[in-house]
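J.: Since chain A is already given, all that's left is putting chain B on it; use the hints.
Here is how the chains run, residue by residue.
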Amino acid sequence: MRPITYLRATDTATAVAAVSTDPTSDFLAGGTTEVDLLRQNVLNPRRLVDINDLPLTGIEGTPDGGLRIGALARMSDVAAAPVVRERFPLIAQALELGASAQLRNMASMGGNLLQRVRCSYFRDAESACNKREPGTGCSAIEGFSRGHAVLGTSEHCIATHPSDVAVALTALDTRVHTLGPNGERAYPVDDFFLLPGDSPHREHPLEHGELITGIEVPAMPLARHSLYLKVRDRESYEFALVSVALALSVMNGTIADVRMALGGVATKPWRARRAEDFLIGAATVRDNFALAARVEMADARPTPMNAFKVELAQRAIVRALDTLGDGTGPGAGSGSSP
Amino acid sequence: MSARGPALTERGAALEERGPGPVRVRLSVNGTEHTLDIEPRVSLLDALRERLDLTGAKKGCDQGTCGACTVWVDGRRVLACLTLAMTCEGREVTTVEGLAGEGELHEMQRAFIAEDAFQCGFCTPGQIMSAVALIEEGHAGNDAEIKEWMSGNICRCAAYPHIRAAIRAVRDRA
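Chains as they are written, first to last, in full-length UniProt numbering: chain A, 1 to 338; chain B, 1 to 174.
Isolated chain A, as found in the complex:
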């Protein structure tokens, strides 16, 4: 690992000032991405600003039924919080289906959103990669691409966004709060993650030194009836090939409201708006589920190696809808309960 300097921040404004005034500084939270990729020579900060002492660890329900999560709350603590499990089962499930117990004890929620892709060409620090070294090309498009994205891709990058919980948060109209050199901002989660387009090195709209301070999940009663379905090569401790975050409200056999997002198949946490639009008002029957899945995946652009994901994603969507649609699935309630 290359030499670095270290400083420990005790208040948020000072931490932001320290990083934003030095292009070679990075924040250090849980370290599960930063230390890993520093050692691999994929990230090259000269200085790390340790933010683990900042008072950003809160996990609290809001009076109206929403949720506020501090950026430095650990994945394990958020997953275990009763208010999260009760109001947003899909968030707790997505967290507990990710990484391992040790990593979940380390990794912060803000860092989770900013974790880097698992594309092996990005991580090897040598191959052509537009995300790591803009303009060098994409090795994955003609290379080993079994785990890569089929939605939201460009001719410059097809790396899959790796987060699970970001998929659940994307289904829930979450807002990401930040503090930067120009003050506080809040981003709708769908605007927070950028498609690769012709600038895959830009994964989010943050300025250098802008720090995620918190995650705000608005009240959403239907989320009490929700799940996170994750399909992967191993049953545990593995990234998704396909995942579905789903919240569903059914009344008299008809879908009254639905939120859906997909993971493992897209270059960003993928809000499945086409499927949602198709499903609202539809009867909870298998044919409708399959049609909604087909509509959502219609624009998929697979490689020969990951073409299976297009079918797998549709089956996963149908299974998630089947599971919640009959009111007996994980996180089940009456669907119309508050």
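FYI, nobody ran anything at the bench for these hints, they're computed from the structure.
Errors might be hidden in some of the hints.
As the list claims (entries may be wrong) - Covered by chain B, according to a simulated footprint, are these stretches of chain A (three or more residues, beta-carbon under 8 Å): (1) 2–10; (2) 32–38; (3) 49–56; (4) 150–160.
Said to hold, decoys possible - Selected chain A positions facing chain B (Cβ under 10 Å, derived; list incomplete): (5) Ala15; (6) Ala80; (7) Asp233; (8) Arg315.
In this text, a Cβ means the ideal position worked out from N, Cα and C, and glycines have one as well.
T.: Below, chain B without anything else, positioned relative to chain A:
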């Protein structure tokens, strides 16, 4: 160069930058305070193994995937390879060397022996540190739960059934 602890001080004050050369760091490991001069880039795992001669935590992958380096920081199981030693100033580190009481192995260590829960033994310190934490976390309810919550500790000898037996034995004694 500060001796220990949170480097700073008041809002807006300049933070103290330390390194890149060796800096004095105080680590509390298994209840003992150690002072050592290390570069900021040194991982907790390397500090434990190379500087403090605590070689229980093992370096398997050194990239956060195998779990052989599992230790506790402030009582929580974490990966020492992805933890920078300096970030542990002011926190309590526990390694497998700190588990046993005076002249007596921890009950999980005894259970691993009784249940033959290892072959080569390389992953065992990490397995044991995870296993003790697992029971404290309350995630050892049944075999499926044990499998899921121990999945961050890889055993290339595939001693998994015996590891689960050891965990069950300690769980049922509790």
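J.: Which hints, by number, does the structure contradict?
T.: Violated hints: 4, 7, 8; rest satisfied.
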